[in-house]
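Asker: Which chain is which? The protein sequence lines are A and B, in order. According to our numbering, the first sequence is numbered sequentially starting from 858. According to our numbering, the second sequence is numbered sequentially starting from 858.
FYI, nobody ran anything at the bench for these hints, they're computed from the structure. Do not take every clue at face value.
It does not matter which identical chain is meant; a pair holds if it fits inside one copy or across any two.
Keeping only pairs whose Cα atoms sit at most 27 Å apart, straight-line, the calculated BS3-like set for lysine-lysine is [claimed, not checked]:
#, residue 1, residue 2
1, K1183, K988
2, K1168, K1277
3, K1063, K1175
4, K1240, K1216
5, K877, K1063
6, K988, K1277
7, K1240, K1139
8, K1216, K1139
9, K1139, K877
10, K1183, K1024
Quantities reported herein were computed from a predicted structural model and do not represent experimental measurements.
There are 2 protein chains.
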Amino acid sequence: MSLYSGLSQEQLQAQYQEVKQQYDEFKARNMHLNMSRGKPSTAQLDMSLDIFDSVNALNGYKAKDGTDCRNYGNLTGLDECKTIFAQSLGVQNDNIIVCGNSSLNIMFDYISQCMTNGAGGEPWMLQGPIKFICPVPGYDRHFGICEYFNIEMVNVPMLESGPDMDKVEELIKDSSVKGMFCVPKYSNPLGITFSDETVRRIASMKPAAKDFRIIWDNAYFVHDIVEDGDTLLNIFPEAEKNGNEDMIIEFASTSKISFPGAGVAVLAASENNIKQIAARMKRQIIGYDKINQLRHARVLKDGAGLREYMKRHAAILKPKFEIVVKSLDRDLTGLGIAEWTHPRGGYFVNLDVMNGCAKRVVELCAEAGVTLTGAGATYPYFKDPNDSNIRIAPSYPSLDELREAMNLITLAVRLAALEKLMDN
Amino acid sequence: MSLYSGLSQEQLQAQYQEVKQQYDEFKARNMHLNMSRGKPSTAQLDMSLDIFDSVNALNGYKAKDGTDCRNYGNLTGLDECKTIFAQSLGVQNDNIIVCGNSSLNIMFDYISQCMTNGAGGEPWMLQGPIKFICPVPGYDRHFGICEYFNIEMVNVPMLESGPDMDKVEELIKDSSVKGMFCVPKYSNPLGITFSDETVRRIASMKPAAKDFRIIWDNAYFVHDIVEDGDTLLNIFPEAEKNGNEDMIIEFASTSKISFPGAGVAVLAASENNIKQIAARMKRQIIGYDKINQLRHARVLKDGAGLREYMKRHAAILKPKFEIVVKSLDRDLTGLGIAEWTHPRGGYFVNLDVMNGCAKRVVELCAEAGVTLTGAGATYPYFKDPNDSNIRIAPSYPSLDELREAMNLITLAVRLAALEKLMDN
C-alpha cells in the first residue's frame, strides 16, 4: 500500500470506489455494537461470581476485627480491604479510605470539597475563576467534573513520557491554576505510563497556588495486558522528599477488577489529607457498604492475590487488543493517514486519523452500526483541535464482533481520508 | 411517689442517700452497653440474610429489563428497586433516584449541590451567609451537615403537631433562610408524626427565598412499632396544589429495613428536581451499586412486600420500646422531674429531665457503663438551652440489657434531680 498523499486525483477516485463499495457491503449487514466505553465483557464479569457468595449466612459477615459488617459504623473502611489497595499502591493502610463503588464519585466529591471548604486554604469557590491543567487527549469524565464546577480547563499535550512538563511547570506559575488531572499508568486513551522523570517532576512542583491538587487517577494500577507490564514510580515517597505529600490525592477502584456496577473504590492520601477528608466524611455518611468491602477482601485477599487475579483478566483481554492492533497494522500501515498505539495495559487503543477526519470516521462507523466513543470526547469541551483523535475500547465485544468492527473501522478511516483528499 | 419539688431538704437528703446507694451498687456491676445510636439489633439483621443470597450464580444478576447489573450503566437506579419506594412513598418511579447505602450521604450531597450550583438560582455559596430552620429537638447529623457548610441554624420548637408553623412562617420572610430539615414521621427523637395541617402548611409556604428547600427526611416511613401506625399525609400532591413541588426533596433508605451497612437509599423529587439532580449525577458517577439494588428488589418486592417485612421488625422492636416506656412510667411517674414519649414507631424514646440535668444524667450513666446519646446532641451546635433533653435508643440492646439499662437511667434521672434540688 502506498501513501495516500502521493496519489493522483484519479487514483484517489479509484481507491474511493473500492473502499466505498466495501463499506456499503458492511453497512448492509446491519451490525449493532456499542464500543463507546471501556466496559468489561461478560466473560470478565463471570470470573468474579465468587465475590457474591463470599458473604452470606454460611460464610458469615464479620470482619477480621469482629465488626458485624451489616450494621452501622466504620467510617474509613475495613482494614482487610484497605490492605489490598495499600499493598498494590505502595502506601500504608492508614493512607487509604475505602468508599462506595465509584472512584469517579470520590474524585467529584473531592473537587466538591475543595470548592466549598478548600484544600487547606480558602474555598476554591470564593477565590474567583480557577483553572485545571488537563493533559490531552484524556478522560472525558474528568473534563465533565471541571465543567460542572465551572473550572476552566487548560490543555497540555501528552508526550511519550507523560504530560509535557515544561508546559505544566509554566502554567503552575499562575495561582488561579488549582490542579491537574492525571491517569499516570496506561493513560486513558493513550496507554502511556508516566516516566520516572515525569513522576519526579510532578512530585517536586512548586505551584503558585498553595492549595494546588494533583488528581492522580490510577484507574489501571494493576491492569496489565502483557506479562511484564509497565511500572509506575510511586509518587508519594517522591512527593514527601519535596514536602509535597499533601498535593497528591490518588484514586483507584475494582470497577475493572470485579464489577463496574458493584465494586469498591478507594482514595490514597497523606496523613493531613486523610484527616481533612475523614472530617468531612463524618458529616457525610455513617459508613460505606462494608459488606461489599468484605466480599472483595475475602476473594482478592491482598496485593499478591490481586496481581494473580488480574492475570485472568489479561488472558481475556490480550487477544482482543491483539485483534485491534493487528487490524490497524494490517489495514492502515503505509497509508500515511493514521497512527495508533500498541498498549501494554489499560483499556484503550488510541487511534489518530487524518486531521479533520475523526468526527467523520465515528459517523461512518455509527451509520454502519458500530458506536465508537464520540469524536472530541478525549478533549475538554469536546473540542479536539485537530479533529483527529479516536478512542477504541476493545474489552466489551466478543472476538468475532471485534474482528468485524475493526474491519469496519479501518475502512471508515480510509474512506474519511479519501473523502478529505478528494475534497482538497 | 411524691413530687420532688414538695420535699423538704431533709427528705431530699434521705431520698438522695437511698438512690445514691442503689446507683453505686449498679456501678459496681461494671456494665458495658452502648445505647448512643439507633442501631438495629443482631436479631433484626439476621432477618435479612436472604438478601445476600438473592443475587449469585444460581439466581442470576439480571434486572427485569435484562440489564446485567454487574456492569456499567443505569444512572438513576433499577426500576424494580424504585417500585418499592415509589409505592411506599406515594410517588411515581420516575420521581425516584436510587443511590448508594446512605440517605445521609444523599442529603449531604444535595446541600452540596445547592452550595456550588444552586437550587434553580444562584449558588448558595455566592449569596452570602445563609440559614436553615431546624425543628428542635432534632437529628444531630442534620445539624452536622449545616455546620460543615457553615449554614447558620435557627431553632424552631416541635409541638405535638410538628414544627411550630407560626414561627416557621415568620422565619421564611427572610430571604437568607434557604431551607428546613424535617423528619416528618416518627421524628427523631420525639417520635411525632406531623399532622395533616402541618404538612399542608409546609406544602403551601411562600418563602422569600425562591430557592428554598425542604429536606423531607422520611427516615421512618414504614417503621411502625404498633399495629395501626401513624399516617403521614403525602406532601407532594399538597405541594403541587401550591406550585411548590420543587421545594420538597424527600429521602428514605433501607438502613433500618435491611442493613445499615449495606442497604440502599433513595431520594424522591419533582420532575424538575430529578432533572437537575440527574444532570449532576451524570458528571458524578456512572451508576450506583445495581447488584445491591437488585438484591433488595428481589427480597422486598414492592410496597406491600415492604409493609409485610416491617411487621417482623416491629415484632422485635415492640417489646424493647415497652420496656423503656414501662420503666419510665414505673420509676418516674409522679416525681415531677421528667417527661417522656410513648412512640408508636421510629427508633427513639424522648426523655426530658429536669432543666440543667441532662448532661449530668448522661454522665452518671456513662460512669456506670451505659453510653447514651450525648446530652445536647439533639440541638444545633450541641446547645440544648435547657440542658434537659435525652434521647433513648432501645433497638440495639437485648431485652435483659435494656431492663438493666433502664433501671440505671431512671436512677440517674432521680439522682441528678436530687443533686440539683439539694444544691438550690
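Asker: So, against the hints stated earlier in the document, which numbers end up violated here?
Answerer: Violated hints (numbers, rising): 1, 2, 3, 5, 6, 9 and 10; every other hint is consistent with the structure.
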